[in-house]
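Asks: The lines below spell out each chain.
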Amino acid sequence: MLRRAKYNKKNYYGWIFVFTSLVLMATFLIYPIIDSLILSTKSCKGIVCEPNGLGNIKRMLNDEVFHKAFKNTFIFFIVQVPIMLTMALMLASMLNNKKLKYRGFFRTAIFLPTVTSLVAYSVLFKMMFGYEGLINQFLMFIQLVNEPIPWLTNAFWAKVTIIIALLWRWTGYNMVFYLAALQNVSSEVYEAAEVDGASKIQQFFKITVPLLKPIILFTAIMSTIGTLQLFDEPMNLTGGGPSNATLTISQYIYNQSFVYVPNFGYAATLSYVIVFIVAILTIIQFKVAGDE
Amino acid sequence: MKNVRNSLVYIFLGLASFVSIFPFFWMIIGITNTTQDITKGKFTFGNALMVNIRNLFDTTDIFGIFWNTSKIAIIGTLLSLLVTSMAAYGYELFRSRIRERIYTVVLLTMMIPFAALMIPLFRLIVRFGLLDTHMGIILPTIVNVFLIFFFRQSFKTFPREIIQAARIDGANEFQIFFTIVVPIMKSTYSAAAIYSFMANWNNYLWPLIVLQSSEKKTLTLMISSLSSAYFPDYGVIMVAIVIATLPMIIIFFMLQKHFVQGMLGSVKS
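Residue numbers (the working numbering), protein chains in the order written: chain A, 421 to 712; chain B, 16 to 284.
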């Protein structure tokens, strides 16, 4: 009897504590997911929607602008995420060395980009990478190039610029997760390896990477979701141009909903593509990491 | 050999730090230069600072916009910390089978990108009559699944004896939470506060959709529209960027110690 009463009381408080979050989630997360599914079967002109069955999917398969946005987003993902995570891991393992001088300075400096707003830094980079801008002036000054690089106006270089910008902004962010995880690895593990004659590089691959596997998986998934949602940077750095060379899926969905004649139905269908890819990539990442 | 390796490490870290900090230097130099000088890549101080500041004040309602941004970020952060930490406490301290299942679903929703939600959310906000209001921006951002996860990980390490002792002393569950747990978890709350404040302060896409009248705009929207103008005034934009970035840097340095501790707490278990 007593146990039963205690259990009920516990259960009761449990519900009260989670209640507000559940109401808000039901309203602003679960309901929109369902609404979006229904919308994806309709074709809309503004607020007037008609049933369209699988018409949106058919349209999507033939939509060349969407194919381009899809390809761009994937290029950003496949190039940027591995470079960023490797760099973050290298920086973190260097900064984990307690004998390193100026550790605090390096850590703060490399983390600093993380506090800037995506819009603010994109606009800043747009100015730096202008045709006559600072970066080109510098590259010509050290005679690395003979004429300015068309960073923002050439299809290839515009992609490069966005990748550079993303690396600048997010490497330090991921580094902090690795640093935090490394602090929990006792330094004795490394000292023992040192005694056994393992080189620093061997230590990195044999100790650091395996021990950090869960957190690497976590950052990989977060970066995947982040890259597939890419919006602020291309919007403010290149505007999606030149001729859609940096247009991302998110930006195309935004255009379909709020720039062109709004077609919420088609936009909803496109947005499920992102959900679908995130799910697939996450499963792959779990499989590669070999957990569960 | 060891020396060579050491200097390589310092060169690498030095280079990474330089690249990281450089745009900040350039931003400070930029606010003192004219648009012509900035576009030409001039890298020395100029004397246009006062002109740029005056132009910003003349062309935009910078005080109002700063106030809007602060209001959204502060209210959003406070509500978010309250709701997500209470939820995390509920899941962690009062475990039950149903709530564990719900928690799994909650975590899975982290996978749903915002792009998939923005259209139905927009329709919802319109139906609630919250279009072009600050409340319309704040409401959908209160429940942040990452924060629930973050708080729950931290509550795992909270000593249960303290809670038991308080119960015996006759405190009810809310008193325990607000007067004992919250003050002890200060570091966790600071880390979560930085995270949440930053997300709200820098939010762009959602305010872009919800806000329409110019007097309700936020800093990110203002910077974006200044930059996409036909003849953008780079000096003015630089001042605006500094105004948008400085508060974040100050808050970060003030709470940095708590932030790292809080992060450690969340990763430990």
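Certain hints may be false.
Below, in silico cross-link-like pairs of lysine to aspartate or glutamate (DMTMM-like), each with a Cα-Cα straight-line distance of 20 Å or less [said to hold, decoys possible]:
hint : chain 1 : residue 1 : chain 2 : residue 2
1    : A       : K429      : B       : E107
2    : B       : K57       : A       : E614
3    : A       : K633      : A       : D616
4    : A       : K579      : A       : E552
5    : A       : K429      : B       : D184
6    : A       : K519      : A       : E614
From chain A, some residues computed to sit far from chain B (all C-beta separations above 12 Å) [what the hints assert, rightly or not]:
hint : residue
7    : T440
8    : N482
9    : K491
10   : L511
11   : T536
12   : W577
13   : K579
14   : R589
15   : D616
16   : K620
17   : D652
18   : M655
19   : S670
20   : I697
21   : A709
Note that these hints are calculated values from the structure, not bench results.
Think of the CB as a built atom: it goes at the ideal place given N, C-alpha and C, for glycine as much as any other residue.
Asks: Which of the stated hints cannot be reconciled with the structure, identified by number in ascending sequence?
Replies: Structure breaks hints 2, 3, 7, 10, 11, 14, 16, 17, 18, 19, 20.
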